[in-house]
Structures are given as C-alpha cells and as structure tokens.
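Make a model of the complete structure from these sequences and hints.
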Amino acid sequence: MSQPEIKASSSTIEGFTSKDNNDNSTKEDLDSVMGLFENLKIEQKTMDVYKLELLKIKKDVLDTIAERDIEYSKYDELYEQTKIPTEKEIIEPLTEEENALVDKVFRSRQSGILSQVKNATVEYKDIYKLLPATWLNDEIINFYFELLSDRASKDSSLPSIHCFNTFFCTTLREQGYAKVRRWTKRVDIFSKDILFVPINKSYHWVLGVIDMKNKRISIYDSLHGKDEFTLNLLLSYLEEEHLDKKKALYDTSEWIIESPSNIPAQGNAYDCGVFTCTFAERISRQAPLDFSQKDMDTIRRKMVVNILNKKI
Numbered sequence: 001m002s003q004p005e006i007k008a009s010s011s012t013i014e015g016f017t018s019k020d021n022n023d024n025s026t027k028e029d030l031d032s033v034m035g036l037f038e039n040l041k042i043e044q045k046t047m048d049v050y051k052l053e054l055l056k057i058k059k060d061v062l063d064t065i066a067e068r069d070i071e072y073s074k075y076d077e078l079y080e081q082t083k084i085p086t087e088k089e090i091i092e093p094l095t096e097e098e099n100a101l102v103d104k105v106f107r108s109r110q111s112g113i114l115s116q117v118k119n120a121t122v123e124y125k126d127i128y129k130l131l132p133a134t135w136l137n138d139e140i141i142n143f144y145f146e147l148l149s150d151r152a153s154k155d156s157s158l159p160s161i162h163c164f165n166t167f168f169c170t171t172l173r174e175q176g177y178a179k180v181r182r183w184t185k186r187v188d189i190f191s192k193d194i195l196f197v198p199i200n201k202s203y204h205w206v207l208g209v210i211d212m213k214n215k216r217i218s219i220y221d222s223l224h225g226k227d228e229f230t231l232n233l234l235l236s237y238l239e240e241e242h243l244d245k246k247k248a249l250y251d252t253s254e255w256i257i258e259s260p261s262n263i264p265a266q267g268n269a270y271d272c273g274v275f276t277c278t279f280a281e282r283i284s285r286q287a288p289l290d291f292s293q294k295d296m297d298t299i300r301r302k303m304v305v306n307i308l309n310k311k312i
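Counting in full-length UniProt numbering, the final residue of the sequence shown is number 312, and the numbers go up one at a time with none missing.
Just so you know, the hints here were simulated from the structure itself, not pulled from any lab data. Keep in mind that the hints are not guaranteed to be accurate.
[Said to hold, decoys possible] Calculated lysine-lysine pairs in the BS3-like style (CA-CA distance at most 25 Å, straight line):
#, residue 1, residue 2
1, 215, 246
2, 129, 310
3, 226, 201
4, 179, 245
5, 201, 125
6, 311, 104
7, 185, 118
Right, here's the structure in full:
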C-alpha cells in the first residue's frame with residue numbers, strides 16, 4: 001500500500017517541478033518584455049527631455065537676442081543723447097574795415113601789381129574777377145593756391161600739401177608727361193599728404209585732389225560732372241613721375257578714382273572757380289564741405305582780403 005503512495009508522491013513531485021519550470025520561463029519572458037517596455041519608456045523619456053532641453057535652449061537664445069536688441073537700442077538712444085553735435089562751420093561776414101578795404105579796391109581803376117607772393121602775382125585788372133557774377137582767371141586761382149601752400153607749410157597740424165598751377169593739367173593732357181616732368185624737380189610729391197590740381201575744362205573750373213595717404217584721386221566738380229579721362233590721366237602721371245624720380249615702378253592697383261556727388265553744387269554759370277578754391281581750402285585743413293551757393297559773394301570778398309593780406 002505504501003508503494004503507490006511513494007509513486008504517487010514521486011509523480012506529484014515531478015508534476016510540481018514541471019510547472020515551476022514553465023512558470024520560470026513565463027516570468028523570464030514577462031521580465032524581458034517589461035524590460036523592453038521600460039527601455040522604451042526611458043528612451044521616450046529621454047527624447048522628451050531632449051525636446052524640453054532644446055526648447056529651453058531655443059527660448060534662451062531668443063531671449064538673449066531680444067535682450068541684445070533692447071541693449072543695442074538703449075545704446076543707440078544713449079549715443080544720440082550724448083553725442084557731440086557736428087557744428088556747421090559758419091562763414092563769418094567781413095568786418096566793417098574789411099568791407100571798406102574791398103570796396104576801395106573794387107572802386108579803384110588803377111593798373112599794375114596789386115599783390116605778389118613767391119611766383120604768383122595779382123594785378124588790379126585781375127582782382128575785378130572777384131566781383132559778383134564774374135569768372136575767376138588763372139592769376140586769382142594760382143595766387144590763392146599759393147596762399148594755401150604757404151599756410152600748410154607754416155602749420156604742422158595741417159596735412160602737407162603741394163599745389164600744381166592751373167597750367168599743369170592742360171599741359172599734361174595736351175603734351176604728355178615729358179612736358180611736365182621738370183615741374184616737380186624741387187619737390188617730392190610722394191612725401192606729401194595731398195596734391196591739389198586746379199583744372200580748367202572749357203571755361204569750367206574743377207579741382208583734382210590726389211590723396212597720397214589714402215590712395216584716392218578725386219575730381220570735385222560743382223556741376224557734379226564726371227571725368228574718367230582726367231582721373232586716369234592723373235593716375236598715370238603718378239606712375240610716370242615715380243618711375244622718373246624714384247627709378248621704380250609705382251603700384252596703383254589699390255588706388256581709387258572717383259567723382260564725388262555729395263558735395264556743394266553751384267547754382268549759376270560763373271561761380272565754379274570760387275567753388276574750386278573753397279573745396280581746396282576746406283580739404284587742405286580737413287574741414288567739412290558745408291558751404292553753399294548762397295555763401296559765394298561773401299567768399300569772393302574774403303578772397304580779396306586774403307590776396308591783399310597775402311594770408312588765408
């Protein structure tokens with residue numbers, strides 16, 4: 001009777017063993033599935049975290065840009081409030097004594113030399129060219145540019161300059177470099193800051209400015225005309241002058257040639273010479289070109305005083 005029980009017990013034990021194995025396998029499968037699920041949850045959570053982080057970074061960037069724009073706006077506002085205003089240069093009227101002197105000269109009908117400085121001479125017949133509505137001649141312009149050179153040579157705070165006379169560009173244009181090569185035998189133009197070239201084109205005066213320091217050639221025309229030929233002519237002159245005087249090629253590849261248009265314009269047919277002289281006077285002391293047509297009569301009379309006093 002006991003054996004069947006033993007068998008039965010044995011059988012029962014075997015049965016339980018088989019069930020436990022199945023349960024373990026199922027549990028492992030469930031654990032594996034749950035592990036994958038947890039991994040997916042973690043990955044999803046990680047992606048969500050990444051998204052949140054990216055959104056936060058994006059917000060921070062946008063906030064920074066906004067703050068920067070606000071700060072820049074504040075800086076601009078502060079600059080406008082505190083900047084030193086650019087004052088327009090006032091062309092002072094002549095004194096009573098100066099006006100009396102100019103009127104006396106204009107009323108005089110004398111002949112002969114009125115004023116002389118170095119190689120420049122103005123006669124009485126020339127000074128009448130400074131009356132209103134009159135074209136300036138070579139003598140007036142050459143004398144005035146001589147005064148500019150004299151002022152620059154005596155004031156070290158001003159740019160060093162060299163002024164060609166009114167015949168230079170015409171001779172260069174019509175007869176070539178060979179005819180003007182000796183005009184600078186006593187001056188090294190490459191040691192100067194600025195070269196001035198008063199130019200007459202069919203009864204119209206313009207100013208050529210060769211800025212040696214900034215490698216720029218400009219023609220200041222009060223009628224706002226363009227003259228590429230003369231600009232290139234002056235550039236070629238520099239090359240030939242350097243080859244002749246320095247015995248070496250001169251690299252002009254970085255030079256700029258231009259005809260400025262944002263400059264004062266004349267409103268008639270006869271003030272071009274006064275504009276030309278005034279352009280040079282302002283540029284020679286690095287002053288703004290803030291004069292206009294309405295100043296011309298006053299400037300003409302001031303030029304008479306300059307010529308009489310031999311000083312600008």
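Consistency of the hints with the structure:
Only pairs whose Cα atoms come within 25 Å are accepted, and residue 215 paired with residue 246 is accepted, the gap being roughly 18 Å. At roughly 17 Å between alpha-carbon atoms, residue 129 and residue 310 fall within 25 Å of each other, so this suggested pair holds. Among the hinted pairs, residue 226 with residue 201 is consistent with the structure: their alpha-carbon atoms are about 12 Å apart, no more than 25 Å. Using a Cα cut-off of 25 Å, the hinted pair residue 179 and residue 245 holds, with the two alpha carbons roughly 15 Å apart.
For the hint linking residue 201 to residue 125, the alpha-carbon distance of about 23 Å falls within 25 Å, and the restraint holds. Between the alpha carbons of residue 311 and residue 104 the distance comes to roughly 19 Å, so the proposed pair stays at or under 25 Å and holds. The hinted pair formed by residue 185 and residue 118 meets the criterion: a straight-line CA distance of about 17 Å does not exceed 25 Å.
Comparing the model with each numbered hint stated earlier shows that all of them hold.
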